[in-house]
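Chains as they are written, first to last, in numbering that gives the first Met the number 0: chain A, 0 to 143; chain B, 0 to 149.
Computed Cβ-Cβ distance ranges for the label pairs, DEER-style: (1) B:D82 <-> A:P128: 18 to 24 angstroms; (2) A:P123 <-> B:G40: 54 to 60 angstroms; (3) A:K141 <-> B:T52: 28 to 34 angstroms; (4) B:D60 <-> A:P125: 19 to 25 angstroms; (5) B:D80 <-> A:T80: 41 to 47 angstroms.
No more than 20 angstroms apart at the CA atoms, straight line, and that leaves these computed lysine to aspartate or glutamate pairs for EDC-like: (6) A:K141 <-> B:E109; (7) B:K137 <-> B:D66; (8) A:K143 <-> B:E109; (9) B:K137 <-> B:D60; (10) B:K137 <-> B:D80; (11) A:K143 <-> B:E113; (12) A:K143 <-> B:D147; (13) A:K141 <-> B:E113; (14) A:K142 <-> B:E109; (15) A:K142 <-> B:E113; (16) A:K141 <-> B:D147; (17) A:K142 <-> B:D147.
For the record, the hints were derived by calculation from the structure and aren't laboratory data. Virtual Cβ for every residue (Gly too), placed ideally from N, Cα, C.
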Amino acid sequence: MRGIRPDTMIRFLQRLLMTIAILLASIPCAFAETRTISWDPVTTYTGGTPLDAGTINYTAYWTTDPGLGSLHAIGPSLTTTSTAFDPDVLGMTRGGTVYFTARAVLSTGEASPLSPAYAWVVPPAPATPVAPAAPTGGIIIKKK
Amino acid sequence: MKRLAAMRMLLGGFAAVLLLAGCGGGGEGGTSQSQGPAPSGPVSVLAWTPPTTYNDNLPLDPERDLDYYEIYVRQDPNFTDSDQPAIQIAAVAATVSPDGRTLARSPVTEFTLESIPSLPAGNQLFVSMRAVGVDRQKSAFMDPVAWDRS
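Modelling step: build the complete structure from the supplied sequences, incorporating the hints.
Written as structure tokens, this is what we have:
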């Protein structure tokens, strides 16, 4: 972890959050209410020195605070570059705006600052189809 | 005049084709009313009132929102979700106006039970039905109606 500087991680995470924004806007739900956030792996330091993938974890957060207070982690820390979430399970308000951010953490415990917030409007819940009422007034008439 | 007459014949033929198409049962490839045996002699006609609301009490337009009905026949009145419909019939019929120029859509509200291809044995049967919306949501069963076939 030699030579790592906080501004290195900030720069890479800005790129990471841009990827999140694109995916949230373009990927349809594979399941009813599952959304996926993905990002490019952070592979180098600012100076171009390769970063061992095994030494870095990512934690994605969401919050309703545009100032990124009161963060809620989206699952545990990940070595992978995507995670799925259900807006209802996480307690996001339908139609409300939430803000995503993320941070990279090295195995040494060093963590980057939070990346800039990415705003997302939680889509309305899909309408549940309602069945028609039953027919009424059934009668059998004999006709010639 | 000849052209007008020919045009009327063409429109009439088109209307007849649409009318026949309207007689088919909707959805899921079920048996349609037109495929049943032609009844002879007195027939039993099941009549009903189409639903005008959804289960959440929002209004429903039978001509627009219903796709077809499922008619069920049993030897007892205990209809269950696992029962298979005896026949499906379209919820909306297209009828030609008296002058043969226009087609009118109207809700189907009756069905000749003898048109059902296969019926349970017995002279005392029970009939029920479910309405199926255009989004394939099925209503509950209509209250069973006793059918005396004797």
